[in-house]
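**Student:** Residue numbers (this note's numbering), protein chains in the order written: chain A, -3 to 550; chain B, -3 to 550.
Don't take every hint at face value.
For the chain B half of the interface with chain A, some residues (derived, Cβ under 7 Å), not all of them [to be verified]: (1) HIS10; (2) SER86; (3) TYR120; (4) PRO153; (5) THR155; (6) ARG165; (7) PHE364; (8) GLN367; (9) ASN383; (10) ASN398; (11) LYS542; (12) ALA547.
List of simulated lysine-lysine pairs, DSS-like, C-alpha gap at most 30 Å [to be verified]: (13) B/LYS542 - B/LYS162; (14) B/LYS471 - B/LYS522; (15) B/LYS162 - A/LYS542; (16) B/LYS162 - A/LYS375; (17) A/LYS296 - A/LYS399; (18) A/LYS296 - B/LYS510; (19) A/LYS162 - B/LYS162; (20) B/LYS162 - A/LYS522; (21) B/LYS522 - B/LYS296; (22) A/LYS243 - A/LYS511; (23) B/LYS514 - A/LYS52; (24) B/LYS511 - A/LYS296; (25) B/LYS243 - B/LYS31; (26) B/LYS139 - B/LYS31; (27) A/LYS542 - B/LYS17; (28) B/LYS460 - B/LYS522; (29) A/LYS471 - B/LYS399; (30) A/LYS399 - B/LYS471; (31) A/LYS347 - B/LYS375; (32) B/LYS351 - B/LYS460; (33) B/LYS52 - A/LYS542; (34) A/LYS542 - B/LYS542; (35) A/LYS347 - A/LYS471; (36) B/LYS235 - B/LYS31.
Beyond 10 Å from chain B on every Cβ pair, some chain A residues (computed) [as the list claims (entries may be wrong)]: (37) VAL133; (38) LYS174; (39) SER330; (40) LYS347.
Calculated from the structure, these hints are not laboratory results. We put the beta carbon where it would ideally sit given N, CA and C, even for glycine.
2 protein chains.
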Amino acid sequence: MKIALAQLNYTIGHFELNAQKITGAIAKAKAEGAKLVIFSELSVCGYPPHDLLTHKHFIDRCNDTVNQIASHCHETYAIVGAPSLNPDSSGKLLFNSAYLLGNGRVLDVFHKTLLPDYDIFDEYRYFEPNPGDYRLVEIDGVKVAITICEDIWDDQPTTSAFARGKLYRDAPMNHLSKLNPDLIINISASPFSYNVEERRLEVFRSNVVRYSKPVIYVNQVGANTELLFDGGSMVMGEKGDILIKLKSFEEDFCVIDTEPFTSVKPSSSFINNNNSRIQRIHNALVMGIHDYFGKMGFSKATLGLSGGIDSAVVLALASRALQTQDIRVLLMPSQYSSRHSVDDAIALAEKLGVKYDIVPIQPIFDSFRYQLRTLFAGKPEDITEENIQARVRGTLLMALSNKFGHLLLNTSNKSEAAVGYGTLYGDMCGALSVLGDVYKTDVYRLAHYINKDEEIIPLNTIQKPPSAELRPNQKDSDSLPPYEILDPILFAYIEQGFSAQEIVRQGFDEATVKKVIKLVNINEYKRFQSAPILRVSSKAFGYGRKMPLVARWD
Amino acid sequence: MKIALAQLNYTIGHFELNAQKITGAIAKAKAEGAKLVIFSELSVCGYPPHDLLTHKHFIDRCNDTVNQIASHCHETYAIVGAPSLNPDSSGKLLFNSAYLLGNGRVLDVFHKTLLPDYDIFDEYRYFEPNPGDYRLVEIDGVKVAITICEDIWDDQPTTSAFARGKLYRDAPMNHLSKLNPDLIINISASPFSYNVEERRLEVFRSNVVRYSKPVIYVNQVGANTELLFDGGSMVMGEKGDILIKLKSFEEDFCVIDTEPFTSVKPSSSFINNNNSRIQRIHNALVMGIHDYFGKMGFSKATLGLSGGIDSAVVLALASRALQTQDIRVLLMPSQYSSRHSVDDAIALAEKLGVKYDIVPIQPIFDSFRYQLRTLFAGKPEDITEENIQARVRGTLLMALSNKFGHLLLNTSNKSEAAVGYGTLYGDMCGALSVLGDVYKTDVYRLAHYINKDEEIIPLNTIQKPPSAELRPNQKDSDSLPPYEILDPILFAYIEQGFSAQEIVRQGFDEATVKKVIKLVNINEYKRFQSAPILRVSSKAFGYGRKMPLVARWD
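Using the sequences and the hints, build the whole thing.
**Tutor:** As structure tokens, then:
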């Protein structure tokens, strides 16, 4: 049997667009002689729909769209993902379902059993698990086990110190394998992180080995706010060999043949995606910016270009995601900005062909100080004055955004966000945080990666010591440990979930570790008001890391 | 048997403080001859601990603290709530448990079966449900069924159009009642909303009637960031009559006797809590402010006093939650502010004895305009200039906050937050949103309630048409429907989950309904960066309403 894999980029709630993409792929599959075409989890509505699932009208639209898509399925079968109503009078209202479409109608519906509820997942909030209904479906003589994403992740590699791989007390494949399927289909909405590909391969291989069946995996691609979906759909043979792998970070489509399964002709889609970690992050961030703007209906971006490395990297990424003529940046030097910083910023803007304007902030800063002279009489300058400058910049950027319709890109990195080294309503402004899940040491690596073929980001920007330039001769290292020390401590605490004691045991200075962890904990209130952060790691700030704000804990 | 109910205010992760409160109540119970003292759900660590539960060190501290508390239990038994480790090798790592303590040690552990995962709840993220282990425990000859919060909410009154009462396929009490208990204990962490009391009584009555057993209900009290816990612990006789009701919004303690259960001597704690909706909201907000500051370790507050009703109500509430000498407000008139506004603001500050300063914003606004003159050349004034003024005010308030250590209270209301009638990084600034879950029409009701004994909020503030005063003669009604129309539409959409069509059918103008719903949907990005909002309704903005930001949906 010929089977098509359709890896598409869906917009949440945009039923017309999603249906158009799906029916387009069905027509293409039919034209190429495929008997079955497979789409990803909740493809009809886009993933993750969150609380839109609590609106009846949304569920009705899902249903109508499934039926509309079904009317296009003649000769070719399709598997699409959508919620379905739980007919029982108790239990959650919905299932997370895979619909088998054919003969112009819905032929069968299969429900997801394992509902992830960790990190960025919240499926148990909406869905009832499949209550033990395990069946195969026979298509064109091939017996297929249909599973949905987490259904084959019953035993998964853990990323954190206090987590377990077997989160569920049952495994759907234990039931399905007894029915002796010819192949396993897994429709997914599996978000990117820079180490997810290795984890996926491990999980697929362990399933394939355990059950001696090939797996066809179809993932969605594209960004929905914070979540980046890399695609990477694939076919794995029953020996654990990858027979076909679709593109990463792009829509893709291919047709395979199951007879015999082992000799698939490599298609143009067969790409060996052996990218480095930094390259993957780079590509994911570019897609994240592109889709945020595209799906929001915006094309124009702005940001504050300081001459420092963070804003330089964000601008370089933005210029790859958007049209450079749609980007307009502000240089907002203060009295403490070095001449070098302004020169470096100008050099980068000119190199990329991006329009820039220079708006010095000192006159505005001075008028704030003048209006506050009575209130602040007798008080020495402190962090207050630094924050005013950062907020003047934020206000100028938002003014440009409001006047010309450019969305503001935030340029904070994960190290800063972690320890609260940023000003709320100042440099923390923005519609989207591009680097909020990228540690400073990786921002440098990204800069080098961006410069791999030619010097785009000025070397001076990369080489000078990082500084917020909010007071004379200020350096980040005045108040923070060097990033080479800070970042591994943050990684051990945030991504790996180690305690202070355990991190000290890894060889870090105890006072430094305690100080860093305290900073992370007491700055929850700042991150609470952060822009959405493009997620590239296994533990990003945002709704995948849900810490109580008011708490006493260290 | 004499049983003590201990309704306490816990701080999340503050094990020393929580243990001290619990052991203090154990000593008091013992002194009053109680054989058993009951504490609320997850009392040892405070509720909700969120992702602190993913740290092993946190779980170890819970465990140690339970054992430490147990060492205080001699002659008197105690039931406390804490997470416990799941000994199985599969399933989530933790249970949400009730520990029975006595003879100086942990005697038994009971696990929660029904794990709420809707609205603000996320328990399935962390906990494995009780895998069918239903037992009674006999204490001093009384057979007790121990349940944890949701365990008796298997059939609950719904608040939204597309929700169901029976969210679970099983009910723990169906199993426990077969073992014929003498009474049901329910330890809870049940957050306040202005209609939760009626819902609780309905649920308790239906359990009591179904199983003909009395219920002892112990809830926590106090605020943890957004979530306000009203307490209201009670004893309900087997006929559905309330025998004892503890205070709302305060710690409380009482001892009851079970022999006979029906003739409990009314204690000083027996308060008939028949407060109006607005009075409940008032008391909840005062507690919310008080606890946010107290638990964060702050005492001083600031806010921008405009002469309008929102900031007036927030100031009045803050003056009841904090020491008036710790509150310092800013009046920041613009060129568009009426003289009346300034007078009204001064009158209120003086009436409450709150220190105020006046910082006109026009010179700063002018310096922004001057610095932007080239960039904005030839462009007419628009919302940009209004937003700059709002952001100048935000920056001034944050400057006061930074310089003197006053936390900024946000003064936006729910109607504004819903339709995006507010400026990000401007009037949306603040550490805590006091009125973000209170519709404008209820803000007026709160003002009247605050003025019930004497005129605290100037009548002029209450009577004048609402205006942001950001351009000449601006009125809210220029861009929004009147609040008497807007608020019911918002309520029907947000709290009740009705579709546009259904709301129109209720008698509202179709174009207005569609405009309002569109405004709610497209302003998700603003609310994403909002301060935490004190939750008083059944559906507040914040993590209990989780909408995708990038989506196409109306």
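**Student:** If a hint holds in the structure, say so; if it doesn't, say that too.
**Tutor:** A quick look at each hint next to the structure:
| no. | hint | result |
| --- | --- | --- |
| 1 | HIS10 | holds, 4 Å |
| 2 | SER86 | holds, 4 Å |
| 3 | TYR120 | holds, 4 Å |
| 4 | PRO153 | violated, 15 Å |
| 5 | THR155 | violated, 11 Å |
| 6 | ARG165 | holds, 5 Å |
| 7 | PHE364 | holds, 6 Å |
| 8 | GLN367 | holds, 5 Å |
| 9 | ASN383 | holds, 5 Å |
| 10 | ASN398 | holds, 4 Å |
| 11 | LYS542 | holds, 5 Å |
| 12 | ALA547 | holds, 4 Å |
| 13 | B/LYS542 - B/LYS162 | holds, 22 Å |
| 14 | B/LYS471 - B/LYS522 | holds, 21 Å |
| 15 | B/LYS162 - A/LYS542 | holds, 27 Å |
| 16 | B/LYS162 - A/LYS375 | violated, 61 Å |
| 17 | A/LYS296 - A/LYS399 | holds, 12 Å |
| 18 | A/LYS296 - B/LYS510 | holds, 27 Å |
| 19 | A/LYS162 - B/LYS162 | holds, 28 Å |
| 20 | B/LYS162 - A/LYS522 | violated, 38 Å |
| 21 | B/LYS522 - B/LYS296 | holds, 27 Å |
| 22 | A/LYS243 - A/LYS511 | violated, 43 Å |
| 23 | B/LYS514 - A/LYS52 | holds, 17 Å |
| 24 | B/LYS511 - A/LYS296 | holds, 25 Å |
| 25 | B/LYS243 - B/LYS31 | holds, 22 Å |
| 26 | B/LYS139 - B/LYS31 | holds, 14 Å |
| 27 | A/LYS542 - B/LYS17 | holds, 27 Å |
| 28 | B/LYS460 - B/LYS522 | holds, 28 Å |
| 29 | A/LYS471 - B/LYS399 | holds, 22 Å |
| 30 | A/LYS399 - B/LYS471 | holds, 22 Å |
| 31 | A/LYS347 - B/LYS375 | holds, 29 Å |
| 32 | B/LYS351 - B/LYS460 | holds, 25 Å |
| 33 | B/LYS52 - A/LYS542 | holds, 16 Å |
| 34 | A/LYS542 - B/LYS542 | holds, 13 Å |
| 35 | A/LYS347 - A/LYS471 | holds, 27 Å |
| 36 | B/LYS235 - B/LYS31 | holds, 25 Å |
| 37 | VAL133 | holds, 25 Å |
| 38 | LYS174 | holds, 19 Å |
| 39 | SER330 | holds, 12 Å |
| 40 | LYS347 | holds, 22 Å |
Against the hints set out earlier in the document, violations occur for numbers 4, 5, 16, 20 and 22.
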